[in-house]
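Top line first, the protein sequences correspond to chains A and B.
Counting from 807, one number per residue, gives the positions in the first sequence under this note's numbering.
Counting from 807, one number per residue, gives the positions in the second sequence under this note's numbering.
Derived from the structure by calculation, the hints contain no laboratory data.
Predicted model, so just to flag it, every value in this text is computed and none were measured.
Some clues are possibly wrong.
Repeated chains share a single entry, so a pair holds when one copy, or any two copies, can fit it.
[Stated by the list, open to error] Calculated lysine to any residue pairs in the SDA-like style (CA-CA distance at most 25 Å, straight line): (1) K998 with E1037; (2) K998 with A1092; (3) K999 with E1037; (4) K869 with E1037; (5) K869 with I879.
2 protein chains.
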Amino acid sequence: MNDTAMLRMAARAVTALLKDSFVAAGLSDADAARCAALMTEADLTGAEGHGILRLPQYVRRLKACGFNARPNIKVTRSGPATALVDGDNGMGHLVMTRATNEAIAIAREAGVAWVGVRRSNHAGPAGLYAEMPTAHGMIGLYAAVANANHMATWGGTDLLLGTNPLAVGVPAGDGALVLDMATSIVAYGTVKKYALRGLAMPEGWFVKPDTGEAITDPNRSGEGILLPMGEYKGAGLALMLGLLGGVLNGAAFGRDVVDFNADDTSETNTGHFMMAIDVARFLPLATFKAEVDRHIREFRASKRLPAVDAIRLPGDRRSECRAERLRDGVPIAPALMTQLDKLAAELKITPLRERA
Amino acid sequence: MNDTAMLRMAARAVTALLKDSFVAAGLSDADAARCAALMTEADLTGAEGHGILRLPQYVRRLKACGFNARPNIKVTRSGPATALVDGDNGMGHLVMTRATNEAIAIAREAGVAWVGVRRSNHAGPAGLYAEMPTAHGMIGLYAAVANANHMATWGGTDLLLGTNPLAVGVPAGDGALVLDMATSIVAYGTVKKYALRGLAMPEGWFVKPDTGEAITDPNRSGEGILLPMGEYKGAGLALMLGLLGGVLNGAAFGRDVVDFNADDTSETNTGHFMMAIDVARFLPLATFKAEVDRHIREFRASKRLPAVDAIRLPGDRRSECRAERLRDGVPIAPALMTQLDKLAAELKITPLRERA
């Protein structure tokens, strides 16, 4: 299914449905609005694997008390430039928003901040959080331990590694440059999107553990091993991010990770880290932004390989997608719309398709 | 040429030749010893692309005043948790040792430290510096802007990106876990090693800019574009590390990078960053190490894909190689030995082959 077969819904309708759903599932008004805004942003910026597609699962988990709808998020300032956040098993979006705000405040004082997070949950696309410090003249660096292990260590077949994403946000003259990458060859949200759209996956994404043969049916991905980006390098990076985002914070990693796709009730104890660096401690912010812009211009002006029509830099797709979807609406697969209709009926709220 | 055709020299002989060479080229006794020790460590740990192979080039640059043999390295503490180091165009090994010691000292106070570096030079393998904080109960994170642009931005052909490496060191019960990866599909030092050994490169490492066809002769790598690891992800990461290690510190990046393989006299203004995180601000160090060890054991015990004989974790090759080379000696290609003989004659010091 290509995008023309998709239904299109206005971003504000998506946000309203999300917010009403979360309020119906027990979140406070402010927390529901925060989660709704971040999930809409995921859909707008092309990370639809982390957008409204996740709503049915999130609501199921909230109702099963797998997520704490009313968390008491605690921040412990463990050093002049460090903090540890205990998310009290709340929605990851709320925990990470709190952690990122803390990182920005600490970096303002100390120049750099490192905030570790435990007892959090799935928080959506990594780029959202890495971008937040850029509005404050800071560089953001974020990573998370994924909520299911789809990868193995290099050469292995036991599923002990997640797609642990890394994101970096850098302030530029015109907004920010944002790199958001899973350490797997593809993000698991993309696999879900392929399944929902009935598409076959390319060879090289998943292999069978017993033979090493490729799996191309996204509905059979659960039988295989998702391969890392850049072979052993991606596996090594996923491992290191897991130690820094998980083990360092007393959060789950490796054998201890709870597969939240298969389990609605167990606490996931998700770990993340967020770092913010105050640019002005190194270079005047305006000078830095001007230099970043100069390099961006030089990259864009580069000669190209045959058959390449334009140079794409980290985050280009995000911002193009955002503009297009704000104008034309967020694409919703018909199968997802059916799920959302059912959810709205259960929650006794206005269904998405009836919202303008 | 395989390793059996290599000459083998004791590590202490390699260190002594390196030290005498640097003293003859104008370094102080202590600085010469520091550079010699770090370059020997590169050779011992299998990063021979950064070891004694670089000596003729380094000495040439010192004699041409392309490196400052007697630098006045300055550290500016720009915030409670940040510092900016000006390397005064000294040997990168000296500048990075100073920057890493500063990061460790600041992280002891603040919990985390971010030290930016400018006006430095090529400093050898990234893993050396990322590992240093681990002996102090800290996690190390290091990156550098490479000293030549062998890569293009994704889809482009202008050589605007280096192989900008990233390294992470994590303390474990038995030493440290160290990930050291170039953001290119292969480190440029490896290409030099292939050339010196007369080996053909695999397809997928270099492509011709006009046709996109593979280049496999390492002596013709200069005509091609080195590909990034993990396609657009590696290119994006190289770009971000360049902004953080270069632009943020007022150091060279992109169009401004000096190719120090082609130029012995221009200052390279090499940028790096080093981060240290004090584990004890998050978890007691012993608990952290025990948890890291538990996860290592679980990774090693994983079932394996067909034809894989053992699971290898980041740094395994480094430590195996180190033990083997301490015992059997550092491998020196005959072509390199000839270069080193010539160098020793020029510097009027005892040649390597006459040292025990």
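We went through each hint and held it up to the structure:
1. K998 with E1037: both (22 Å within a copy, 22 Å between copies)
2. K998 with A1092: Answer is neither; intra-copy 41 Å and inter-copy 40 Å both fail.
3. K999 with E1037: The answer is both: 23 Å in one copy and 21 Å across copies each meet 25 Å.
4. K869 with E1037: Neither way: K869 and E1037 sit 39 Å apart in one copy and 41 Å across, limit 25 Å.
5. K869 with I879: within (20 Å within a copy, 60 Å between copies)
Hint compliance for this structure: hints 2, 4 are broken, all remaining hints hold.
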